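Asks: Each chain, written out:
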Amino acid sequence: MKNRIIKIFVIAIFFSGIGCADLEENPVGLLAPEGFFKTTKDVEAAIFGAYGVIASESLFGRQFASALMLRSDMVDIGNRSTSAERVQVNDFNMDDRNGMVSRFWPVWYQVINAANAAEAGAISLGLSEAEINPYIAEARFIRAFSYYHMVRVFGDLPYIDFAVSNPLALTTISKTSEADIYAGIEADLVFAKQWLPNSFVSDVRSRPTKGTAASYLASVHLTQGNYADAYTEAKWVIDNRATFNYQLEADFQDLFRADKADALKETIFTFDFLGLQNLGSLNDDLMGPMVGVRNTRQLGFGVNVPALAVYTTWNALDYRRKVSFTDSTFLNNGQWVGYLNFPNEKRPHIAKWRRFPGKANVDGRFSDFNYADFRYAEVLLIASEALAESAGVNAEAEGYVNQVRARARNWAGTPTAFPANVATGLSKTDFINLVLEERRLELAFEWKRWYDIKRRKLGDVVFKGPGSLEPRALFDPTRDYLMPLPATELILNPNLAPNNPGY
Amino acid sequence: MMQTVRFKIPPNAGLRPSRSALKVCLSALFGLMLLSSATFAQEFTVTGKLTSGEDGAGLPGVSILEKGTTNGTTSDSDGVYVIRLSGSQTILSFSFIGYTTQEARVNSRNTIDIILIADITQLAEVVVVGYGAVKKSDLTGSISSVKSEQLTAYPAISAEQALQGRAAGVQIQSNNGAPGSDFKIRIRGASSINASSDPIFVIDGFVGGVLPPPEDIQSIEVLKDASATAIYGSRAANGVILVTTKKGKTGTTNIQFNSSYSFQEEISRLDLLNGEQFTDYITEINPAYVSSGENTDWQDEIFRPGAIQNYSLSASGGTEAARYYVGVTSFDQKGIIKGSDYGRFSVTSNLDFTASKRLNIGLNMFAQRESQNGTITQEGSGGINNTGVISSSYKFMPDQGIYEPGGSYTTALVGDPTDNPVAVANEYQNESLTDRFQGNVYGEFKILESLKFRTSFGATVNNGRTGIFIPTTLNQGRNVGGQGSINATKRTNLINENYLTYTTSFGTDHSLTVLGGYSLQKFSNESWGATSQSFITDAVSFWNLNGGAIAQPPNSFFSESVISSYYTRLNYSYKGKYLLTLNARSDGSSNFSKNNKQAFFPSGAVAWNMGSENFMTNIPIISFWKWRASYGLTGNQAISPYGSLARFGTVYTVINGVPVNAVRPTSVANNNLTWETAAQFDIGADIGLWNDRLTITVDYYNRVTSDLLFALPLPQYSGFGGVLSNVGKVENKGFEFSFASRNLVGEFKWNSDFNISFNENKVLELPGGNDVFTGSRPGHLIGISSSTQILRVGYPVGSFWGFEYDGVYQANDTFIPGAGFEQTAGGEKFRDVSEDGNLNSADQTIIGNPNPKFIWGFSNDFSWKNFDLNIFFQASQGNDILSYTLLELETMSGFNNSTTRALDRWTPTNTDTDVPRASGRPQRVSSRWVYDGSFVRLKNIALGYTLPAALVEKMAIQKLRVYVSAQNILTFTDYPGIDPEVNYSSGGSGSGSNQNLGLDYGSYPNAKSFTVGLSIGF
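Each protein sequence line maps, in turn, to chains E and Y.
Going by my numbering, the first sequence opens with residue 116, and the numbers climb by one from there.
Going by my numbering, the second sequence opens with residue 1059, and the numbers climb by one from there.
Any given hint might turn out to be false.
Calculated lysine to any residue pairs in the SDA-like style (CA-CA distance at most 25 Å, straight line) [stated by the list, open to error]:
| no. | chain 1 | residue 1 | chain 2 | residue 2 |
| --- | --- | --- | --- | --- |
| 1 | Y | 1652 | E | 144 |
| 2 | Y | 1305 | Y | 1500 |
| 3 | Y | 1548 | E | 394 |
| 4 | Y | 1548 | E | 143 |
| 5 | E | 156 | Y | 1718 |
| 6 | E | 474 | E | 374 |
| 7 | Y | 1205 | Y | 1317 |
| 8 | E | 461 | Y | 1839 |
| 9 | Y | 1580 | E | 138 |
| 10 | E | 474 | Y | 1714 |
| 11 | E | 375 | Y | 1718 |
| 12 | E | 579 | Y | 1881 |
| 13 | Y | 1820 | E | 603 |
The hints are simulated quantities; they were obtained by calculation from the structure and are not laboratory data.
All values derive from a computational prediction rather than experimental measurement.
Based on the sequences and whatever the hints tell you, model everything.
Replies: Rendered as structure tokens:
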């Protein structure tokens, strides 16, 4: 009896314990990188991952776009009690621990890492060029697009163009020079232009086509002052606009109506936010609240608010001013007031990202906007500027501006006379300035202006000159055309030192 | 009487001989046995009978020792003994567990009968340890025990709360005062920085079991040093709390009924500006401001009298063959803020059967339902959309009314248009329900008289559901047309424990207990949830999510983990004076990384009962004196399931207006990731004086946790933020003292218990030696930098980071330049710490330490005739508090109401002040918001009266006691906030629970209670 019981217990121990102690982890519901890439469908999912991160709060949902807006003379800080980091970006007294930079810097590299991983995954499939190169081209386009933004903001950068499996191995690399980064960007865009399709199903504009790659090439050349190349690419896009289905929208307002965003023919590259949906910071856009009027029914934060001069210097006959600005709104008590009676910042606010957010929170967050990074109007303006620079002012160059102005004259279906066509016979300098002004107004609040100020070195003029819209005595051209790399990166990798001048 | 060594471990009996660790232990064991050899002459024989002083029955198993020798024997089943002595003038010592040791001079007598008296002092108590129990005098580890009377001294929301202030080295803090909120328990400080520092609970041997209500608990043992905890291996670094529930005893049935009712109110309020004062203040900033003309005291509007009803009914008893304890408890709390309630109901059933002479089997069952209605407090980010009821009651304009003329709730007219507190209290719905079930069966088989085998199987199932509905009467709901969400979790914990215990003594001086076992435990964790917006009506609540026009992405999650462990312990005692304990556990865990699946945790301890030495017996005041020392390693699993694996994360991506499948690399693998290891040294003494009228326990410990888990910062240009790695060290060292004194023992009795703990927490190593900044600000205080705390080598975890406030600028001061800093009279002035003539982020420094220098608890029990009185104080000394509440209220920017400190604001005519003038300025963390958080709190005062036995016996009642008591009625503190005993953003078990200490924002205040109660025993 006793022995039998002992036996039972001994057996029980064996069976209860040792038999089922398997310590290997087999996660359900999680994706392991090993063996993930099996078909082009998986490569596509990895490419799409990059788009999701681009359409997040850290980049074009708020932080990165806001930083570019505030840096320019077109957008000032409204509520100066907002986060100090925003005020510093706006006022040119940021330091290397700026919170906006520390928000968007890592996220840009997440986009780049996603693109690199997709490229590596595509190559690993070992398919024929015809089958796989369109995917590689899309991944390389995303990388080029990302570095193009980054290099304009920071100059020399750590340049990673491969899938990272051991991040610690990267702690000793040096910065890559601006020129080499531009070379990489151009190589990626040229490859993309060669292999991307002319269009996607449903003609979506949140994925790049040949036309998108060429448009960005035009912009990249323009930024570097390679005007002849810029013109060539822009002209190529214009000539092939039918292939890519590009055209100016008839009504300027339609560009900023979320409900029309998916069908716009003018869009060249855009970030698709879906209304009233989000997953954490993904698909979370707060441009609406950031530009909205405080303590009114807009429920705005009143942060990104243009200086009053931006409004008052803009001809009231310009339909684009009307579309771009909120100059009156409802107070909480239902009273309709003009901007002089706004409760806090008594000046017109931005309307492009607030007036028609489609399906969205009442305050405009989680909107249905597609935020366009590039539209056909800009291709026309690039062609005009590049042509004037490389071949002098001529009718073709004037014509591109006139196309943009002609559309602006359509006041919601009613033809108006303003803005008139470009006066012929302008000097090259005057014409270039006119194109830059046209860009300032046409692309107002679309985070383009800062890049124009930077590439044309306009800082001293627009921040310290007599007609300054937003005077900034602190502006220092030896420092402020670049932002500082985050201090934390230089601590981890001293080879990145020195930081940009002045920081 | 010589005894040959008969020590044999049955082959294959649970101990795995292949385990090298075990081998070491076993050979050590055999070595010790060989020591047992001593011979002596036999010249004089004494015999006698040993009886119990209680009932006169013979006492078997009493140790009889010839003093100063190793010669001894034990009494037989009738209590009769025979001993041969070396001479007729020696001294005999009689000792038995639970009885006072007695000595008798032989004086040539051949017969010596002794009546042994039951020892009521603590030192003879049996103390529960991991996988067993030992006599307190034989204990080598550092363990604090808390008994059921202390746990039920006042109506406690949980046993955790009841444990507050009762044990040295144990700090328990409420994270929030809301009904049903959790408590943070730290044993000897926080052993980790990023992983959990919560101790593990072991309920009647069930590791990670569910904590029963205080009424069902017999005792709680807190295991503190490595010797006591190492047998729990990779989960023991934070200490172990053993809970023993009540069991039935053979004898008559005992029915116990307890009932109490408590009235509650908030512990204190803030003094705020009234409508008129507020209007003055705002007008100073905005001369165009027009007051709404009301005068609302928002604190009046949200607080209400709270109440607790606590009932428990239990029955216990049994026969030789079967014993039972069954209990029912019910606890219902109506919170002091509208819309907040908590309730729990549970049943406990503990059955033990003597199946045969050799076999005992038993069953512990526990089932509980917990329900909670919550409101918004301590909001993580509460701008327009998630306004907290408490913070809103402070900051909302007092010159506004509750309702607009149309009947809708008012929203703030200055600052962000937040909801008013009444709207939040009335409209926000948050209902959670948790059902827990736990069952544990065991069988204990006596293979030999000295060898026991015990096996148990247990299961815990924990189901939780939380539903939230935000109607359109609140900003957040209005924004989206109403929002409903429901989230459910299901957690299971299955355990099987098997162990053998071998107890023997050989020679007269050597006693030995060896234990070895195997345990297998599986955990699984499931959760899922859904959210939907835009409802036709606010009436649907969260029970009609399909009625919402817009669904949000659903979520679900699953993880499971396994721990497979071997453990062993050896207790050796020589003459009851020299004690040795060796422990070891080997844990294999699925959570561990590929290259480190097994972890080994050894510990050892020695103790010396110095008081039993001859040279001490001459010192009459010393009745007991034991030295203890221990050292060992314990672990913190720290790694969550799948935490060491590389991952692609899913990304929410929209293409052509439709969400699509998308992924990106989100984490890299670390195949060498290991657990955190705590190495702890402990030296201590247990001392009994004046026949144990006064007992003292002293401990010094030093615990260094190394291989701390850190998300090692990676260069962000790699695309990864960090990889979980083992870098960093943190140290906790300190002293603990406990005193238990029976001051008066006559008709008027007075007992005091005092414990005090000094712990010093210090970061020893960080990744790359670099400072690590962390942030804890409420999200809507957007002016504050995101670095509010710092981890720095040489400083404690949780150190506050900010500027040094230097008072207010006066008109003729030199203004320090600095972008964003004021340079005007009446402005905030900060110290130029970096002395570069400029104010900037380089001027931030460590401005406070939230860790207390010491904490103490002091309980006094008085009784006289049928009256009893208990007074219990609890205190914390030397800890700083960073108050975001006061920062928000007193920045003086005119965004919200302020405290009455605003009346002392700087004006050209009131310059002698440190409150700046009313003016827009950035919110900034500075020493201005750091306060001394020390406090002494009268936690409980209770006066009871037990009705005379003669009176109640007529009613068939054994004992009837009625009492009145009060909790938290007195607090001595300089902290200007409402309650120093709160912690913002410090709940859960993640990094925030270690790093966010001493923060205050919008916390639900703890309550003052007045209780009347009754307890009846039948």
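Asks: Is residue 156(E) close enough to residue 1718(Y), meaning Cα to Cα at most 25 Å?
Replies: holds, 11 Å
Asks: Given the proposed pairing of residue 1548(Y) with residue 143(E), does the C-alpha separation stay at or below 25 Å?
Replies: holds, 16 Å
Asks: Is residue 461(E) close enough to residue 1839(Y), meaning Cα to Cα at most 25 Å?
Replies: Distance ~23 Å between residue 461(E) and residue 1839(Y) Cα, so the pair holds.
Asks: Given the proposed pairing of residue 1652(Y) with residue 144(E), does the C-alpha separation stay at or below 25 Å?
Replies: Given that 25 Å is the threshold and the Cα spacing comes to 20 Å, the pair holds.
Asks: Would the hint linking residue 1205(Y) and residue 1317(Y) be met if the CA-CA limit is 25 Å?
Replies: Since the Cα atoms of residue 1205(Y) and residue 1317(Y) sit roughly 20 Å apart, the hinted pair holds (cutoff 25 Å).
Asks: Does residue 1580(Y) pair with residue 138(E) here, judged by a C-alpha cut-off of 25 Å?
Replies: holds, 11 Å
Asks: Regarding the pair residue 474(E) and residue 1714(Y), is the alpha-carbon distance no greater than 25 Å?
Replies: holds, 15 Å
Asks: Need the status of pair residue 474(E), residue 374(E): alpha-carbon distance at most 25 Å?
Replies: Since the Cα atoms of residue 474(E) and residue 374(E) sit roughly 8 Å apart, the hinted pair holds (cutoff 25 Å).
Asks: Does the structure keep residue 1548(Y) and residue 394(E) at a Cα separation of 25 Å or less?
Replies: holds, 23 Å
Asks: Holds or violated: residue 579(E) and residue 1881(Y), Cα atoms, limit 25 Å.
Replies: Roughly 24 Å separates the two Cα atoms, so the pair holds.
Asks: Holds or violated: residue 1820(Y) with residue 603(E), Cα cutoff 25 Å?
Replies: holds, 24 Å
Asks: Holds or violated: residue 1305(Y) with residue 1500(Y), Cα cutoff 25 Å?
Replies: Distance ~14 Å between residue 1305(Y) and residue 1500(Y) Cα, so the pair holds.
Hint compliance for this structure: no hint is broken.
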